[in-house]
Amino acid sequence: MAGPSTMTFDVAAVRRQFPILFEIIDGRPVHYLDNGASAQTPLAVLDAVRIYETTSRANVLRGVHRLAERATELYETARADVARFLGVQPMEIVFTGGCTAAINLVSYAYGQLLKRGDRILISELEHHSNIVPWQLLRQRSGIEIDVLPVTIDGQIDLGALPRLLSSQTRLVSLAHVSNVTGALLDVRKVVEAAKAVGARVMLDGAQRAPHGPLDLYALGVDFYVFAGHKAYGPNGVGVLWAKPELLDAMPPFHGGGSMIGRVTLAETTWAPPPRRFEAGTPPIGPAIGLGTACNWMAALDWTATHDHEMGLVQRVLDGLQKIDGTQILGPASLQNRYPVVSFMLDGVHPHDVAQTLDSFGVAVRAGHHCAQPLMDRFDLDGTTRVSIAPYNDNADIDALLTGVRHAANTLR
Amino acid sequence: MSDELYQARIVALAKSKAGAGKLAHPTKSARRDNPLCGDRVTIDVRLDDGKIAEIAHQVRGCLLCQASAVALASSAVGRDASGVAALRHDAERAIGREAGKAHAPFDAFEPVASHKSRHECVLLPFEALQDALS
Chain A
0 MAGPSTMTFD VAAVRRQFPI LFEIIDGRPV HYLDNGASAQ TPLAVLDAVR
50 IYETTSRANV LRGVHRLAER ATELYETARA DVARFLGVQP MEIVFTGGCT
100 AAINLVSYAY GQLLKRGDRI LISELEHHSN IVPWQLLRQR SGIEIDVLPV
150 TIDGQIDLGA LPRLLSSQTR LVSLAHVSNV TGALLDVRKV VEAAKAVGAR
200 VMLDGAQRAP HGPLDLYALG VDFYVFAGHK AYGPNGVGVL WAKPELLDAM
250 PPFHGGGSMI GRVTLAETTW APPPRRFEAG TPPIGPAIGL GTACNWMAAL
300 DWTATHDHEM GLVQRVLDGL QKIDGTQILG PASLQNRYPV VSFMLDGVHP
350 HDVAQTLDSF GVAVRAGHHC AQPLMDRFDL DGTTRVSIAP YNDNADIDAL
400 LTGVRHAANT LR
Chain B
0 MSDELYQARI VALAKSKAGA GKLAHPTKSA RRDNPLCGDR VTIDVRLDDG
50 KIAEIAHQVR GCLLCQASAV ALASSAVGRD ASGVAALRHD AERAIGREAG
100 KAHAPFDAFE PVASHKSRHE CVLLPFEALQ DALS
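Residue numbers (numbering that gives the first Met the number 0), protein chains in the order written: chain A, 0 to 411; chain B, 0 to 133.
List time: in silico BS3-like cross-link candidates among lysine-lysine, alpha-carbon distance up to 30 Å: (1) B:K14 - B:K50; (2) B:K16 - B:K100; (3) A:K242 - A:K114; (4) B:K50 - B:K100; (5) B:K14 - A:K321; (6) B:K16 - A:K321.
Derived from the structure by calculation, the hints contain no laboratory data.
Pulled out of the complex, with its shape left as it was, chain A reads as follows:
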């Protein structure tokens, strides 16, 4: 199917920037549709990391020598690049070890400001990384966790907000886009309801950030987190953005070098944010790569890119519908969704679907997707998940559909 964007979106030009897409494995081209787990990295990002490692490698902030100055400049430029991508100020950006690390930072540092009986609202479709840190906080400090249910088409049921929000709710922490169903959260509705009771809002943007720049001030949220490796950046880096007054109010998560004002053996004062939350040597090269990845994303025409991605989603939905015994877990249409599609094939376990697809050169993810409560909600062993990036094309989807048909014909 030719999506409406094919006139303006040059997928071949995008693909040329990703050398891994031209790998041949066992005589077959790679059809990489596991972007929700880890996206691929363009040459611009690889070059940025290589240039840092080969011309400017040193620790940041602490040295007076030229390499240290270069490294610090590149690192702080990356912070500004990420900030511009999110529509915020650089000093509001904290580099972390990943998205999970960013949520844990908030659960610990913001959690220090909470008291027994305070409540946090999450949903049934959250990734484990947006569930377990709050359970750990509950064990530490006696907060309570409330859970928004999920609708039959895999969206967070915001109709339950009035019932589950209360004056004790301090934080609403939800996936901006579900890593299983692809459903897009109605952020405005969440923010309005949360503000009405004085609660803060955090979005897990791991699946949203790879699909274009954001304007966090306009969204009206208080915390935003995402992962570098899902956003065409290197592994080992993630981002926490928070409103300045929250960063100022939060105590450190980790203690160590760089996060201090003054250390004596009796006591320590903290550096201002973002350094307060970047103890030790940060992931310098990965952060520099992520800054470049944000610039790479920002340079795309996202109206055309989104049309291209959603054209591929439609191709997946149409193709699966023609295969007997397939069911979609998630929105059935293109409305309120991003390019993540989960499906089940009756009589064939998702791992067997994925293994079959691998033999066609198609990389997908199968299983519970670190969202076991969502699997429990639908009484599923797991799903097979297709997650799409701008460099995917019709050939990727056609290989996927050929593989699913083969699994349907041979494994049941």
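Based on these hints, arrange chain B on the given structure of chain A.
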């Protein structure tokens, strides 16, 4: 190729569902989950003088896990814990974790040897049974 992995013997074992279900009066039961993939195996056994007199399995998992549970259930009756351990060695030989030639029915799993990410699928029923016997 997955066609090499999903050979007829493995598919046939899984589809036979031999031994699938629950025992009315198990002596012991055990459940094992694979936290990475979410596969779950529950094994019921009725023991007679330390040996397996009856066995049944419930698998929520992939075809390999189902096939392995069937193969295990078809071979386990009359064995005690050490006898089951011997079967496991056979399975480990089939998937290349131990040297030597595997015997039927576990030799059916030889195509799994080159798919290391799927070894645990074959071994999960053994884990559950060994828990039940411990």
